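Protein chains in written order, with this note's numbering: chain S, 1 to 338; chain Z, 1 to 338; chain X, 1 to 338; chain D, 1 to 338.
If you're looking for bench data, these hints aren't it; they were derived computationally from the structure.
Values in this document were obtained by computation on a predicted structure and should not be read as measured data.
Don't take every hint at face value.
Chain copies aren't distinguished; within one or between two, either way the pair holds.
Stated by the list, open to error - Below, simulated DSS-like cross-link-like pairs (lysine-lysine); rule was C-alpha separation at most 27 Å, straight line:
no., residue 1, residue 2
1, Lys108, Lys332
2, Lys157, Lys108
3, Lys6, Lys50
4, Lys152, Lys77
5, Lys70, Lys8
6, Lys108, Lys20
7, Lys177, Lys16
8, Lys322, Lys11
Protein chains: 4
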Amino acid sequence: MIITLKRKATKQEEKKVVDKIKKLGYIPHISKGVDITIIGMVGEFAEKYKETFESMEEVDHISEIEKPYKLASREFKTENTVIKLPYGIEIGGTKVPVIAGPCAIESKSVLLETAKIVKAAGGTILRGGAFKPRSSPYSFQGLGERGLKYMKEVGEKLQMPTISEAMSVEEVPLVSKYCDIVQIGARNVQNYDLLKACGKQKKPVLLKRGMATTIKEWLLSAEYILAQGNYNVMLCERGIRTFETATRFTLDLNAIPVVKKLTHLPVVLDPSHGIGIREHVPSMAKACLAVGADAIAIEIHPRPEEALSDGAQSLLPAQYNKLMEELKVLAKALGREI
Amino acid sequence: MIITLKRKATKQEEKKVVDKIKKLGYIPHISKGVDITIIGMVGEFAEKYKETFESMEEVDHISEIEKPYKLASREFKTENTVIKLPYGIEIGGTKVPVIAGPCAIESKSVLLETAKIVKAAGGTILRGGAFKPRSSPYSFQGLGERGLKYMKEVGEKLQMPTISEAMSVEEVPLVSKYCDIVQIGARNVQNYDLLKACGKQKKPVLLKRGMATTIKEWLLSAEYILAQGNYNVMLCERGIRTFETATRFTLDLNAIPVVKKLTHLPVVLDPSHGIGIREHVPSMAKACLAVGADAIAIEIHPRPEEALSDGAQSLLPAQYNKLMEELKVLAKALGREI
Amino acid sequence: MIITLKRKATKQEEKKVVDKIKKLGYIPHISKGVDITIIGMVGEFAEKYKETFESMEEVDHISEIEKPYKLASREFKTENTVIKLPYGIEIGGTKVPVIAGPCAIESKSVLLETAKIVKAAGGTILRGGAFKPRSSPYSFQGLGERGLKYMKEVGEKLQMPTISEAMSVEEVPLVSKYCDIVQIGARNVQNYDLLKACGKQKKPVLLKRGMATTIKEWLLSAEYILAQGNYNVMLCERGIRTFETATRFTLDLNAIPVVKKLTHLPVVLDPSHGIGIREHVPSMAKACLAVGADAIAIEIHPRPEEALSDGAQSLLPAQYNKLMEELKVLAKALGREI
Amino acid sequence: MIITLKRKATKQEEKKVVDKIKKLGYIPHISKGVDITIIGMVGEFAEKYKETFESMEEVDHISEIEKPYKLASREFKTENTVIKLPYGIEIGGTKVPVIAGPCAIESKSVLLETAKIVKAAGGTILRGGAFKPRSSPYSFQGLGERGLKYMKEVGEKLQMPTISEAMSVEEVPLVSKYCDIVQIGARNVQNYDLLKACGKQKKPVLLKRGMATTIKEWLLSAEYILAQGNYNVMLCERGIRTFETATRFTLDLNAIPVVKKLTHLPVVLDPSHGIGIREHVPSMAKACLAVGADAIAIEIHPRPEEALSDGAQSLLPAQYNKLMEELKVLAKALGREI
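Kindly generate the complete structure, drawing on both the sequences and the hints.
Rendered as structure tokens:
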């Protein structure tokens, strides 16, 4: 990192910083301008001491040079991580699987009905929430373990890998037992105990970006999972919060090429939550594919007006079928495949 | 709530919405313009059905009228909630206690040294983290239960109530056992299982606002705790995330009068995390008092450059002492007392 | 619009609002709940009186129902506006023209060199700034009228329509004289005198969205131009400002389907300014095409390290050529054409 | 500035950058880590070449060290600038003048009536808009020159300096002729021709921060005025745009201590526009005083429900009178005076 001293720092002040660097086992590189002195402190784990130097009265500010995450970085692993799921499905390779299903699991029959629609048009992974993070304590909170059992049953029946969210440490083994991917929601992106619990089990993890999480923080949260030994992590962009309220969130497609350069982990995109308006989901889904998504997550519901959660953004079956046809054509033009 | 139908909705489309409202047991109030029809659906819990109507093809959008939180609202309880703590300290009354201490508990001796400084200048509540939410898995993560024991010991010795953060459901009984206030951090503001766990124990809870949490969501998170039977909840504004990077966060003082009008719960302000720059904390602390804070939380450290966390924003003892004197004078001018 | 009265408003308070509505020539539609009364005031130009009612002590808040812009709306004109430019180029039809060129016009020879590269690979409109809005008064401010003359000369030589920015009322006739499209930059999106000046001349106008402009405000700014009689307006999304600093701005693709539903005006996308990082521009450009752009604006420079402005986001000629090939294939898959 | 080379840059790549630095007349300071090389380029005007180096393929990124503004900085002028106005009023000294009046000038009689209320309670500067920036072309646009004449007349009658906004280059001499301070609104903070025009006339200028303007950009905009020779510039914070919609904007008090450290220019705060809700303006006004405002701007109207603009945030006379009494007591406690 680069330490910029306070303007017109004295020899003595400079020495205090230099001594600290040496004491920590690094070699200081000093560069002097007329009024400003900057000191380079480069090397393994130097960033760890950022706060130490920021706290010194002699220091004006610190510029970071090295990345604070290691296992998630391209420096640690150059090639793309490909996550292998049951029934031969992969995320991170040439194929771009579509993950679809209802926001919440409501009943076995509706789940099966929806899953059949998903599969018939080419969707390969089944999504559905059993534990629902709802901003109001008075909203429907999900079916819990019963919902997970339905997921397992329907997934096996239709030969589709399944994904569902765990909201707490206790729910991780449950989701891990019944489903093929454990999802961590946007609100829990910095719930570190939950991240560690996901790192200690074996199923792949989908880590959603929080609505105010920087790319750097998001990768550090992935690092929490990786550091526990579970390397099957995929990132999921689902919209950040900005000043614009015409859409539910602002799906940040800009993050995709940036993240894919920094990390080897696959990136999933969720246009349904991102824009939050049913009729605009297809346009965004196509943009997601074009920008380089490794998988696309879409909410559908056979009768959205009866949905217990997020009905306003769930595609109708006919919209979903049309979109899948368009995505297939588009994927080919991009050298990929749905 | 107000349901606005799609432009030029037909009689039949209107009827579909009206029938739905009647079926749910409400009376529709219809108002027609040239192209636009709006339907009022007012009454107890009407907002619960917001998503149902949003999902209907016939509906353009919904405007909320009633508040989705009940127990947290001024409608439920008109007078301010005053939270009683040991040693006669109260939050929510005329006095504005200063909550001060280090970001993280590092050792018993440093904690005691800091607490003495806090108390000598007039601070009455001791803060310090034993479980630290750190964005990097490689940063110092706190002393855990050992730190909590130090808090209890030092608090009792100096006759100061204590506050510390719980990051997970398992940590709640620990913090609740050793400390007088359980803190929920910004990253966990929508960790609903954690909120419920706080609601089930008896100690007062300080609920920080998340960096992208709207005022409405924040009050709904408080509602999660209240709904479990713990009514001793205080809100804490600690900075939201905006485009401006010259400060660590943007402490949102605007939220204070708005929140105090909506809820009877006391509001604490944390200028240290909010602005994140040591030398600017005093100016902000004074603004916090002037805008109507019920308590002010400040980080101090006897030797910030040795702090294991957040040293850059911790006040030096001399700065803290000076600030306390200024706050006392200011409080009097505002008809309050430190 | 919908007027929600203060909770527990008295008969008298209600009457005061109702009388005001009647006095303005509208018919009030009253809907009463237990504690809350809402009053609909629907009709031509009702929104004009929003502030009047907001100012009344009896009123809690107003919900808007009708759109405040008229000429820009789909209600005013259902079919897409197609803007006709010289040499048979159109914006808003099936073809998606690529607008490319340097950020700033630096010399005639570099402009010609760049334009030839643009055209050879299929770009059809030439962009380049003669008046440059620079945040620092000490940065290069553009060649002025001399630059515009070069644009005209090069555009005519290569048979390409041209576009350049006007930053002030005085510059509008100059840009209008030498170029085929007058560009209004993000910083001037609410410079109303400038908008009116654009509305009074005949050349098509490209109106960039400001970095904190809502979709509604953006369309109202377009309305300022339309209201002067110039209907050839195109909107250009170029990135909004959010908390994320890993990219220069956050190109808001979500806005595109929303805007295209609200307005008949064509929408141009500028991935170069939006993401601001050369190597990531191609991914974003493909997403722009997929989401429904009517034209794509790209910065290129034969030798970016010599560019006097925005070199870091300008594509190298080889990158541009490759991107154009990819866009052509993608356009076909989307039923469009570059 | 600090130039960080691409990871694992070769000797040759390093040389290319070093040669460029030397060619520009600076001395490179090289600091090498295992994989990363950083090069310091410190000295007068080095930042001017930021884009040149950012454009080089060999460079990963640039960290700025020196400030890009000069005349606005504390390095250029250490002591606070005090702006002298007619009738002995000053901005930037110990006294904190209150600038009050209606949002828009509506008639001479209402202006005079309002001004008398302002003055009676201790307000010393009269504000009022003759040219109104309205987001809709169909809203009231102000009385123009006629309004300015009223301002002059009323100001002289009551012996109060006056302030009014200029929205375009043509309006600058008009406002400058009739009023004592020329105001530049938030929407024009980067309207560079307008800034230059303000710099060329002699009256003091109040420069509002834009709703998405960083502190650095704001000071650069001030620099545009200063660079033309007019050193009587004051900055005005009036609220930034964030995700929170419960308040009209988010008044950024955090910016005040930061800005006051960076610049010698006085800082004015506008709580009325910032929070935009009448009943919450007094709380925010007190916070503005406490955080260190050099002047406070407040909107008042004798009958807000008849106001032609911004009635919802204008104080009623009784609210204003009460606030002024509170501010006087508070100012004394802060060692200042209203």
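27 Å Cα threshold - placement of lysine 77 relative to lysine 152: neither (33 Å within a copy, 46 Å between copies)
Identical-chain pair category, lysine 157 with lysine 108, by Cα at 27 Å: Close inside one copy (12 Å), not across copies (59 Å); limit 27 Å.
Homo-oligomer pair classification [lysine 8, lysine 70; C-alpha up to 27 Å]: between (36 Å within a copy, 16 Å between copies)
Identical-chain pair category, lysine 177 with lysine 16, by Cα at 27 Å: Classified as neither: same-chain Cα gap 55 Å, cross-chain 43 Å, threshold 27 Å.
Homo-oligomer pair classification [lysine 11, lysine 322; C-alpha up to 27 Å]: Intra 70 Å, inter 29 Å, cutoff 27 Å: neither.
Homo-oligomer pair classification [lysine 332, lysine 108; C-alpha up to 27 Å]: neither (35 Å within a copy, 41 Å between copies)
Alpha-carbon proximity between lysine 6 and lysine 50, which holds within one copy, between copies, both or neither at 27 Å: both (16 Å within a copy, 22 Å between copies)
Up to 27 Å CA-CA - lysine 20 versus lysine 108, copy category: Classified as between: cross-chain Cα gap 25 Å, same-chain 63 Å, threshold 27 Å.
Consistency with the previously given hints fails for numbers 1, 4, 7, 8, ordered from lowest to highest.
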